[in-house]
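Q: We have chain F; now place chain Y onto it with these hints.
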Amino acid sequence: MDSLPRLLNATKLTIELTLVSLFFGIFVGVFFAILRTSKVKTLYYISYYYSYILRGTPLLVQIFIIYFGLAQVEWIRESILWIFLKEPYSCAILAFTLNTGAYSSEIFRSAFETISKGVVEASQSLGLSKIIIFFKIKLPIAIKQSLPAYGNEMILMLKGTSLASTVTLLDLTGVAKHIISTTFRPVEVFIVAGSIYLIMTFIIHNFIKFLEKRYDYN
Amino acid sequence: MKNIFKFILSSVAALMLLFSTAQSDSIKIGTEGAYPPWNAKDESGKLIGFEVELANWLCIYMKADCTLVEQDWDGMIPGLIMRKYDAIMAGMSITGERMKTINFSQGYADEVASLAVMKGSSLEGMDTPKAINLSIGGSDVKKALKTLTAALAGKTIGVQTATIHQNFLESGDVGSVKVRTYKTQDEVNLDLAAGRIDAALAAAVAFTDYAEKSGKPVVLVGPTFSGGAFGNGVGVGIRKDDTDLLKRFNKAINTARKNGKISELAIKWFGFDASM
Numbered sequence: 000m001d002s003l004p005r006l007l008n009a010t011k012l013t014i015e016l017t018l019v020s021l022f023f024g025i026f027v028g029v030f031f032a033i034l035r036t037s038k039v040k041t042l043y044y045i046s047y048y049y050s051y052i053l054r055g056t057p058l059l060v061q062i063f064i065i066y067f068g069l070a071q072v073e074w075i076r077e078s079i080l081w082i083f084l085k086e087p088y089s090c091a092i093l094a095f096t097l098n099t100g101a102y103s104s105e106i107f108r109s110a111f112e113t114i115s116k117g118v119v120e121a122s123q124s125l126g127l128s129k130i131i132i133f134f135k136i137k138l139p140i141a142i143k144q145s146l147p148a149y150g151n152e153m154i155l156m157l158k159g160t161s162l163a164s165t166v167t168l169l170d171l172t173g174v175a176k177h178i179i180s181t182t183f184r185p186v187e188v189f190i191v192a193g194s195i196y197l198i199m200t201f202i203i204h205n206f207i208k209f210l211e212k213r214y215d216y217n
Numbered sequence: 000m001k002n003i004f005k006f007i008l009s010s011v012a013a014l015m016l017l018f019s020t021a022q023s024d025s026i027k028i029g030t031e032g033a034y035p036p037w038n039a040k041d042e043s044g045k046l047i048g049f050e051v052e053l054a055n056w057l058c059i060y061m062k063a064d065c066t067l068v069e070q071d072w073d074g075m076i077p078g079l080i081m082r083k084y085d086a087i088m089a090g091m092s093i094t095g096e097r098m099k100t101i102n103f104s105q106g107y108a109d110e111v112a113s114l115a116v117m118k119g120s121s122l123e124g125m126d127t128p129k130a131i132n133l134s135i136g137g138s139d140v141k142k143a144l145k146t147l148t149a150a151l152a153g154k155t156i157g158v159q160t161a162t163i164h165q166n167f168l169e170s171g172d173v174g175s176v177k178v179r180t181y182k183t184q185d186e187v188n189l190d191l192a193a194g195r196i197d198a199a200l201a202a203a204v205a206f207t208d209y210a211e212k213s214g215k216p217v218v219l220v221g222p223t224f225s226g227g228a229f230g231n232g233v234g235v236g237i238r239k240d241d242t243d244l245l246k247r248f249n250k251a252i253n254t255a256r257k258n259g260k261i262s263e264l265a266i267k268w269f270g271f272d273a274s275m
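Protein chains in written order, with numbering that gives the first Met the number 0: chain F, 0 to 217; chain Y, 0 to 275.
One thing to keep in mind: the hints can contain errors.
[What the hints assert, rightly or not] In silico DMTMM-like pairs for lysine to aspartate or glutamate, Cα to Cα no more than 25 Å straight-line:
(1) Y:Lys154 with F:Glu73
(2) Y:Lys154 with F:Glu77
(3) Y:Lys177 with F:Glu77
(4) Y:Lys83 with F:Glu187
I should point out that these hints are in silico values taken from the structure, not numbers from a laboratory.
Fair warning: this is a prediction, and the values are worked out from it, not measured in the lab.
Chain F with its partners taken away, still in its complex shape:
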């Protein structure tokens, strides 16, 4: 029980990793979702293969390639990139951002695709500019459409951050393992850590529900 403060303290890092990755991940996701609608074949395929590769490999493998793999390459270690890649924190953020970016791009893409042609044609016939149509018509509809799936992605990302412990970061899972290694009581510690994850999932779930209601125009 006296390990609870240590676990709660480590929860801060877990929350930080989740929020920072999701924040950057949204930009990456929107960027690749737009590329995907491009009529230029090269741009389309860049986005297609990015999403295909990042969704087709385990997050653990990705984080290992970025952290341990890139560190094996000598010219990377001698380049300016190393300032960034030397730190486990930035490696973890990079891996999580690229991963959630790939999933988000698929969510946003399918959300844009559900917008019916009729709506777009109606706005065009009103004489609205392309930019206004995108920001005032398409984007709000797409946000509403993608909310349930994106909420799911947020929860997956939260749980995904537990892999940060594999690159020496002391997040919630990392500290839980650390405590177990000295107390040898895996069941109790993991139940407490699991409950903290559950509470955070509950908060995300309700936040998404709230947004869904807010964007419900019916």
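A: Showing chain Y alone in chain F's frame:
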């Protein structure tokens, strides 16, 4: 009808006899398979190493049928308590902290710990004795620890999690260094070679083995450590209530020490006689 009943009864009895003998004579031994030369894996994934071979010999002396079970280091003691295996042979040092939870057989081998750095590090050429024993103490040890504290201030040091090496760095004996913990010794070595950490602390043989196999310029610095937080040699970890098994292992280790088997295996795997 009676005959069938008799047949079933006797076969049940025979089966029970079979199981009871099989159980008493089959021992599962947990090891990590990632701490060469103590225990490791070859290219095909087969367990090899000093302890793997020693375990086979001890089982021959105990006339037991043994199986080696692989287990990640950070779950080694919980795995023993949860009966995934009956004994630990994983380069695990006998320490007071671990003795609170499990028993140890007498030690079968001893190793010294050492700091390692990449060639050209500012930590090279520290003015310390060759070896210090923390249990003995004295002015030499105090002076060496002082030198280390000054040299390591502000440095990041990598260790495998839940090891005597981690305990030592966190004990405050060398001031408040930044400790980074890894799941395996392999990962410690990788980050040392990559330059993410300034130094690493582990069994000296773990570094010399890595330097030899990888060709990386990893060098040992400072004194070798033993005693105190580093424990009293490496023994077989056994559950507290398994006193019979403890006796059997102690007897087998005695045999292996007297007939020279431990020394022979130690020289084969470590390059020197680490037996005790």
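Q: Each hint needs a verdict: does it hold in this structure or not?
A: Against the structure, the hints come out as follows:
With a C-alpha separation of about 23 Å, the suggested pair Y:Lys154 and F:Glu73 falls inside the 25 Å cut-off, and the hint holds. Restraint check for Y:Lys154 and F:Glu77: the C-alpha separation of about 21 Å stays at or below 25 Å, so the hint holds. Annotation: proposed proximity of Y:Lys177 to F:Glu77 holds, straight-line Cα distance about 24 Å (limit 25 Å). For the hint pairing Y:Lys83 with F:Glu187, the CA-to-CA distance comes to about 18 Å; that is within 25 Å, so the pair holds.
Checked against the numbered hints above, the structure violates none of them.
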